[in-house]
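Mind docking chains B, C and D on chain A? Use the hints.
4 protein chains.
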Amino acid sequence: MKVIRDPVHNIIYFDKDEEAVLLELIDTQEFQRLRHIKQLGLSPFTYPGAEHTRFAHSIGVTHLMKRFVNKICSLKEERFRQYINELNDYRKQLLAAALLHDVGHGPFSHALEKTTEINHERWTIEIIRGDTEVNSVLHKHGINPHEVAEIVQRTHTSKAVVKLLSSQLDTDRVDYLLRDSKLTGAGYGSFDLEWLINVLRIGEHNGEVEVGLDRNKGLSIAEDFVMARYYMYINVYFHKTTRSAELIVDKIFKRAMELFHDKQIDLPDDLIAVLECNGQTDKALVHYINLTDHTVWHYFYQWSKHSDPILSDLSSRLLKRDFFKEVPMSEMYDMEMWTRITNYFSNQDLLKNYYLAIDDAKSSSYKDSYILQKPKTDEKEEEREASEYILLFDHKGNGTELSKVSDIINSIRNKPISIRRLFMPKQYIEEIFGG
Amino acid sequence: MKVIRDPVHNIIYFDKDEEAVLLELIDTQEFQRLRHIKQLGLSPFTYPGAEHTRFAHSIGVTHLMKRFVNKICSLKEERFRQYINELNDYRKQLLAAALLHDVGHGPFSHALEKTTEINHERWTIEIIRGDTEVNSVLHKHGINPHEVAEIVQRTHTSKAVVKLLSSQLDTDRVDYLLRDSKLTGAGYGSFDLEWLINVLRIGEHNGEVEVGLDRNKGLSIAEDFVMARYYMYINVYFHKTTRSAELIVDKIFKRAMELFHDKQIDLPDDLIAVLECNGQTDKALVHYINLTDHTVWHYFYQWSKHSDPILSDLSSRLLKRDFFKEVPMSEMYDMEMWTRITNYFSNQDLLKNYYLAIDDAKSSSYKDSYILQKPKTDEKEEEREASEYILLFDHKGNGTELSKVSDIINSIRNKPISIRRLFMPKQYIEEIFGG
Amino acid sequence: MKVIRDPVHNIIYFDKDEEAVLLELIDTQEFQRLRHIKQLGLSPFTYPGAEHTRFAHSIGVTHLMKRFVNKICSLKEERFRQYINELNDYRKQLLAAALLHDVGHGPFSHALEKTTEINHERWTIEIIRGDTEVNSVLHKHGINPHEVAEIVQRTHTSKAVVKLLSSQLDTDRVDYLLRDSKLTGAGYGSFDLEWLINVLRIGEHNGEVEVGLDRNKGLSIAEDFVMARYYMYINVYFHKTTRSAELIVDKIFKRAMELFHDKQIDLPDDLIAVLECNGQTDKALVHYINLTDHTVWHYFYQWSKHSDPILSDLSSRLLKRDFFKEVPMSEMYDMEMWTRITNYFSNQDLLKNYYLAIDDAKSSSYKDSYILQKPKTDEKEEEREASEYILLFDHKGNGTELSKVSDIINSIRNKPISIRRLFMPKQYIEEIFGG
Amino acid sequence: MKVIRDPVHNIIYFDKDEEAVLLELIDTQEFQRLRHIKQLGLSPFTYPGAEHTRFAHSIGVTHLMKRFVNKICSLKEERFRQYINELNDYRKQLLAAALLHDVGHGPFSHALEKTTEINHERWTIEIIRGDTEVNSVLHKHGINPHEVAEIVQRTHTSKAVVKLLSSQLDTDRVDYLLRDSKLTGAGYGSFDLEWLINVLRIGEHNGEVEVGLDRNKGLSIAEDFVMARYYMYINVYFHKTTRSAELIVDKIFKRAMELFHDKQIDLPDDLIAVLECNGQTDKALVHYINLTDHTVWHYFYQWSKHSDPILSDLSSRLLKRDFFKEVPMSEMYDMEMWTRITNYFSNQDLLKNYYLAIDDAKSSSYKDSYILQKPKTDEKEEEREASEYILLFDHKGNGTELSKVSDIINSIRNKPISIRRLFMPKQYIEEIFGG
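Residue numbers (full-length UniProt numbering), protein chains in the order written: chain A, 1 to 435; chain B, 1 to 435; chain C, 1 to 435; chain D, 1 to 435.
This is chain A alone, in the form it adopts within the complex:
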């Protein structure tokens, strides 16, 4: 029994025989690399404790997946025996998918994806299917990598299996809420995990077998869980300081690319290879997996002394936590505000491009866009829709969608969390609007 200690789940076990494939996957270079990719990117600027990595998160999800599968398979539900058998059949594939679901993440994922125009999902699939240590380990243990990839992409034929990894009530979300909540110290994302697992059920809804919660015993925890996510968005993921840091990073990447095209800057070789791969992720993969947070931060430090004043200023601001400030917006004087701003930046397009930033933080309260901003590769829209609710089952196994029985959830159901902010350097705000 291999044991990993974890601040969220305490003890995480892997059986050295039966789960050898997971232990070997963890030891691949592609997975070890997740030690160097932070889960919450720039959030430590707001919550200094939130330094946890995608490595720890991925192991946590795998642990939870095992607990979820064990619980569901222990249910004495003869009516849904076929589903339970299906889960059991796909057990290894599912656990591997849980472990690998984030393996393609790069440093500063959002900014990197924008810059390279390749999303992390594609890299995940490439790592699973391509010529990698991960792929070898899967083959060695008789697991079809394509099936693992399909689970991650939500195109796998067994929806049962897919939804345990990505839906409104999946193991990914359960782990990240608990982990982000505990490590930020913000407390909002906590809920009673033991009870949630205790009330896991399977049942039927719209003619399909689904995983959900006990209608009587699970209503409160379902609400609590959705609310936890809602609070984490408002207070942590969309925190204005973090968003302001992310804007700076976006602008740094943008400036660096401009200078790169003008041959005025060195970029990391591995990044250049990725930028110039023309979508051939298989060829660029060996470079991509060398890119970690460390390389990017190392360059930020270098760039803080670059001769380009914009690049060095932006990089210095990031390192010194001297971010842009929010311009207090009040609808009634928007007009005048914009006039003042426009005048200030007239004839200074470069400045405007880099020092005026509008930020739209958006998520739906009872939907997940934390990791997933758009449908996954090859996924049909309707499949995605189907995963976006939590089901409650009565004792006969008939399901009802949560917002139909919960006033609370219904009240936030169709309201996207949407925060629009305008950021500029403090000095500019003072010059435009006065001290």
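Everything labelled a hint here was simulated from the structure, so no lab data went into it.
These numbers come from a predicted model, not from an experiment.
Please note: incorrect hints may appear among the correct ones.
Since the list gives no way to pick out one identical chain from another, each pair is judged satisfied if it fits inside one copy or across any two copies.
[Said to hold, decoys possible] Derived SDA-like pairs (lysine to any residue); straight-line CA-CA distance at most 20 Å:
(1) K320 with A20
(2) K71 with N10
(3) K163 with E401
(4) K254 with S109
(5) K114 with A357
(6) K404 with S190
(7) K404 with N88
(8) K426 with I341
(9) K71 with Y13
(10) K217 with I419
(11) K16 with N70
(12) K16 with K426
(13) K2 with N70
(14) K2 with S74
(15) K71 with D359
(16) K320 with H287
(17) K71 with E18
(18) K2 with F45
(19) K426 with L23
(20) K217 with P328
(21) K217 with S190
(22) K16 with F45
(23) K2 with R321
(24) K114 with K254
(25) K71 with I12
(26) K240 with Q348
(27) K263 with I310
For chains B, C and D alone, kept in the frame of chain A given last:
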């Protein structure tokens, strides 16, 4: 009121007026840089959650220092009024020292200190006294940087003040035990902080006023606290996987230096400047503060593809967590073991230098060598000795040293924790000793 | 410093000099008696851990009151200086009121109040104003007992002071939610107390100075707090097993009174004195304070062997946890159900009176009826209304009522939690409706 | 699946089919009665939160027993397959014994045992073997009650089975330390339960198969566990306030018996039946199980108004928490102290008997006398000895006794915790020794 959330202390406050100096110190580039220096170095290879930084730790120590000082100053001890007044007088200096006590730490401190031959203490003092943002902020708020430096170095005239920051029962140790324990998930370092603070006392011992604990109410917590540290050493700080990782990093640094002297390798410019400063830390400081974990890791990634087979092998091993293994040692056949090993490496000095490693992990159970391996700059040996016990005070304020009343502490008192291990690559062990 | 350990608040301090009045109040016989009155009555039948007493709760409320008052008085709000001074002036009275607010509770409060037709509020006031140890201690320390009584009753002229003890966001509720949640192990009532205190604010609303929360930083915690209470009602306070136990106790009291009027039963002497006091609570007080849970339970044990078959059966059922079961009600065949039930009990009025029970559990989600079912003595209806919302203040101190900015709270605002249940012995249900 | 929430273990499951016997045992009148017997007797006078019952504790022990057995049976130890099979064979008996091990406890066990001269062990056996609901349930489910009784008494032939319930490292002790620690809020008894279970091992020692811990991974937790118990004795179980309360109760019982023999007092009928049963516990059982804390407290309230001045004074002192105070003893003037005391009480034997109390609190640090003061019925001395150590097993399954490898445990090994105190009413102390 500025609020910082923390996974250990929950809410940490700073008064925007009265503690402006602390907030401004936090915002200096020298302090912000601690975000990029991990507290436990390579421990995440063993405990994946332990990714916390010296930034979070330093803020935690400052918070605890405030709680300790407030508690002591609230004691109605007319007999020790002078001491209490002294504490109050030095309050600002002490809090600044708490915040800055680790500010000179570099990436992989131990290995870097060996390589550069300059210890982190000197950089701390340089940052406090030199031409830095930290120094400016102190001056601006009327605090003499030299006094802050003296507190950190334990050469300050007020021993009362010094011992709250470095002694057997100091705020530094209290924070790191709680933090390392919580973030590793290992649990061993936990103790009841609230009770510890509740039973803080001042009293007299050997003619000096000292801080200690209530003899009746504090005995158990004192034992618990010493034991917490003892367990953390055995199970966390001296964990064989972590030690093995540290050995690899040592070897990488050593090999890189050799190649550097042979001009076969690029080192980071900032590191070169530090290496060639000839002890002129004032001149090299601007480079030193650019060195973070990120740069070192970035180079490890580069070196994993270097043409030198030793450097690339060692670097790859680090990145893939393929460390050396411990050779099981049993005293009786040591002789034969060494013969075999000697034969194996005969005529292969290079290999022996880099692939055979003896590790001595040492600490005294009831002494601190976690951060401090030798007397601090300018400190007399006897001063150091004096800080290495915990005092218990009776209701009249007369002190007794802990090990005199505690059998438990007495039993581990003079026994250093000492673990000697021999490490080699797994393959070599198998070749030498058989599968 | 007197220290009390507590499973909820960890360490609770009382200053032996400045808070001597509180320590002496705790030592009175009237207050010590609360050790023998359980906070949650019959809830341990559902949650075996929930054995905590009104003694521990009352001390917890006092501790919280001190923290609330300290926080509010530390706010640098010159605009509301008068209010802060007022709080400071009434500090002692307020803390005494916090400690004594439940001192008049008797065993099985609800059932006892119904039986004696005197509510616990009156006994609280009697204990504070009457010829008691509590009254003496207050006088001795220069505190006017009438003022303390007025704070408890919410008739005190300083509304500021009153609302800290009874309103939507009062110290009473904060303590009982945290305590009940922790001790039941049910988890629903937990929220981040430290953050709640951190965001406490004062401001103005409808021309009055009020206590509330910071509008930006406090919205999520306000919602979380209201939801905590909502969940505790649904899952704990209104749990069907607990309600069924309460029904049995009601019936036992009712039967005992009938037998008492027929002179067929012994009641505790102290209870008889209370029953026959004709509203002269001053005379009966010496008896009332002898009534604790112990005496009632002792009699339940005796009555389980009484010759009256109804009394002995009901008492035995309570002791053996053999409560009535809920009749599953479904609106559509209510008619038929009632016909069957009516037929079953026809000509058996006694049986019907004692073995058929309709239970209406009611509370408003965003109002408090946990302790308070009706306006307190002498209180005007509008005063009560005013206390039934939580205010959020912007940085200028202008207040908005929570449900105006929170969709979640608004969604549950006017919906009372109302659970109507029909209970009968299991055997009857089977006979009436079939196995 | 029947679920019980618990403040210590969170969720406790019982399988409605496979563990029906446990659920039915819980519903017997003999077991339900444990709801009315507090685990820590008079400790709430010192720690107001410690109101937990033997009911909750017994369920906790059963839950832990299941976890221990499951862990041990999951070990892949072919060498000890026979032992594992044995454990599996006795699984039901063992779980029943865990649930029932305290079922014979009465109110204020120690004082009651002294008064009735029948220890609670005998009642436990009587309840298991006699004509009781418990006995019927066991029979109904094919469990031999005698075997359950033998496990409780440690006379069962399978020592493996016996030691999981009573030894240095048994489920009883694990639960009470965690529970008492959490509910008192004192924190001393906490240790990492998950890790303890994780490192459970079986192995051989002195030719017998035993349960113990992994030598490498379990040493620290073994020490931590022994220390937890040590701290709980010193700080909680032997707390002077609690001991003083226990003395008062002893004296009350003693006085009540004197008055009873003189026919000057009413005792509860059930107690009289027990007192006069002449050792025929089978006949008195029906009365014994009616005796709970409630009846005793009810009588204390009555007796506080009794005409006998000693009985009423002692009872009032208990109710008002006006206990005797400790006389500060200092060896050097013991002589004079005793002279003064002797003079004070000369010719006042009655007073001396009731108001001067010497208390010897004793336990061995690395032995259990918490529940068990003397060998259990029918048990041989050597069997008891064998259970009084914790074993550590190497990877081959060979055991070493903890104190042989742990300096810490060795240091406290042969030192009994022994606290001798002299108590008298405060007033007497002042009169004898001056203010």
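A quick look at each hint next to the structure:
| no. | hint | verdict |
| --- | --- | --- |
| 1 | K320 with A20 | between (45 Å within a copy, 17 Å between copies) |
| 2 | K71 with N10 | both (19 Å within a copy, 17 Å between copies) |
| 3 | K163 with E401 | within (15 Å within a copy, 40 Å between copies) |
| 4 | K254 with S109 | within (14 Å within a copy, 34 Å between copies) |
| 5 | K114 with A357 | within (16 Å within a copy, 46 Å between copies) |
| 6 | K404 with S190 | neither (24 Å within a copy, 26 Å between copies) |
| 7 | K404 with N88 | neither (31 Å within a copy, 47 Å between copies) |
| 8 | K426 with I341 | within (13 Å within a copy, 65 Å between copies) |
| 9 | K71 with Y13 | both (16 Å within a copy, 13 Å between copies) |
| 10 | K217 with I419 | between (34 Å within a copy, 15 Å between copies) |
| 11 | K16 with N70 | both (18 Å within a copy, 18 Å between copies) |
| 12 | K16 with K426 | between (56 Å within a copy, 18 Å between copies) |
| 13 | K2 with N70 | both (19 Å within a copy, 18 Å between copies) |
| 14 | K2 with S74 | between (24 Å within a copy, 14 Å between copies) |
| 15 | K71 with D359 | neither (42 Å within a copy, 35 Å between copies) |
| 16 | K320 with H287 | between (30 Å within a copy, 16 Å between copies) |
| 17 | K71 with E18 | both (18 Å within a copy, 17 Å between copies) |
| 18 | K2 with F45 | between (34 Å within a copy, 14 Å between copies) |
| 19 | K426 with L23 | between (50 Å within a copy, 18 Å between copies) |
| 20 | K217 with P328 | between (44 Å within a copy, 16 Å between copies) |
| 21 | K217 with S190 | both (18 Å within a copy, 18 Å between copies) |
| 22 | K16 with F45 | between (39 Å within a copy, 19 Å between copies) |
| 23 | K2 with R321 | between (40 Å within a copy, 15 Å between copies) |
| 24 | K114 with K254 | within (9 Å within a copy, 40 Å between copies) |
| 25 | K71 with I12 | both (16 Å within a copy, 15 Å between copies) |
| 26 | K240 with Q348 | neither (26 Å within a copy, 59 Å between copies) |
| 27 | K263 with I310 | within (16 Å within a copy, 35 Å between copies) |
When each numbered hint is compared with the structure, violations occur for hints 6, 7, 15 and 26.
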